[in-house]
Structure formats: C-alpha cells, structure tokens
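Per the working numbering, the very first residue in the sequence shown carries number 16; after that it's consecutive.
Hints may be right or wrong, so weigh each one.
[To be verified] Beta-carbon label-pair distances, calculated as ranges:
(1) E48 / R121: 16 to 22 Å
(2) D79 / V104: 33 to 39 Å
(3) L94 / L36: 31 to 37 Å
(4) A65 / T37: 18 to 24 Å
(5) L77 / R17: 26 to 32 Å
(6) D39 / D101: 21 to 27 Å
(7) V70 / A46: 40 to 46 Å
(8) V70 / Q50: 19 to 25 Å
(9) K114 / L94: 17 to 23 Å
(10) K114 / Q74: 21 to 27 Å
(11) D72 / L94: 32 to 38 Å
(12) E78 / L100: 19 to 25 Å
(13) L115 / L76: 16 to 22 Å
If you're looking for bench data, these hints aren't it; they were derived computationally from the structure. No residue lacks a Cβ here, since even glycine has one placed at the ideal position from N, Cα and C.
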Amino acid sequence: MRYLLLICFEASAAANAQPGLTADSQAWAKALEEQGIRTVGGPLGPISDARSVRVRDDQVLLEDGPFTETSEQIGGFELINCADLDEAVAVAAQHPVAKLGTVQVRPLGEE
C-alpha cells in the first residue's frame, strides 16, 4: 500500500535545526530507496514562493503563501510503499525530522 509522508516543522525549529539534518534526511531516503520502500520525495521550496488557489463562484482566488491554521509548515514529502500502516509509521518514525517536528502518515486512496 502507498503512503504519503508529510514532513512538517515549525519555521523556527528548521532554522535552529541540528547541523547535518539535510544529510541525515538524504541518507534516510537513500536507505529506503535501496530497500524498495521509497518511491519519490524531497524538500519543498520556500513558503514565500507558494500560492494558494481557490475557486469560488467560478472566480479564481489566488493568495500568496499557504495560509493554514497551524504553526507548522510542510517542508517536504515522501511517497513510500509499505505492507500496512504499522510499517509506514515505523518508517516515518525513523525520519530525522520526526525528532524536531512531525511526520504525518497518510494512506493514498485507491485509483
């Protein structure tokens, strides 16, 4: 089954993150690729480049940035293949960002 991992953290936590967090995350991703678990993933660009799109009454409403009701931001994503939710949670718990932020595990719907 496929799962989407949303890598989330507070902007202040990311700025103060331990040195080597990117290298640790890349090593984590490479290990999962070698095991055939990781499909695709990576970091997202800066929030300053994000746009939120809504359509209301057939009119496109465009806003700068992702406006959500949370202090955490989505900084990256991973698409993984696991036997079940328990395995996906175990994989997510090994992500380096899980120590300072949140890794949300979401099963993908069937196509």
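Evaluated hints:
1. For E48 and R121, the hinted distance range of 16 to 22 Å is satisfied, since their beta carbons lie about 20 Å from each other.
2. Between D79 and V104, the C-beta spacing of about 34 Å keeps the proposed range 33 to 39 Å intact.
3. Between L94 and L36 the Cβ separation comes to about 21 Å, which falls outside the hinted range of 31 to 37 Å.
4. Checked against the hint of 18 to 24 Å, the C-beta distance between A65 and T37 comes to roughly 20 Å, which is consistent with it.
5. At about 30 Å, the beta-carbon gap between L77 and R17 stays in the expected band of 26 to 32 Å.
6. D39 and D101 have their C-beta atoms about 24 Å apart, which keeps the hinted 21 to 27 Å range intact.
7. Checked against the given bound of 40 to 46 Å, the beta carbons of V70 and A46, roughly 41 Å apart, stay inside it.
8. Distance hint for V70 and Q50: a CB-CB separation of about 41 Å, inconsistent with the stated range 19 to 25 Å.
9. Here the CB-CB span from K114 to L94 is close to 22 Å, well matched to the stated 17 to 23 Å.
10. The hinted window of 21 to 27 Å between K114 and Q74 is violated, with their beta carbons roughly 43 Å apart.
11. Roughly 34 Å separates the CB atoms of D72 and L94, a value that falls within the hinted 32 to 38 Å.
12. Taking the beta carbon of each, E78 and L100 are about 34 Å apart, not inside 19 to 25 Å as hinted.
13. Checking the proposed 16 to 22 Å range against L115 and L76 shows it is violated: the Cβ atoms sit about 34 Å from each other.
Figure legend: structure checked against the earlier numbered hints; hints not met, in rising order: 3, 8, 10, 12 and 13.
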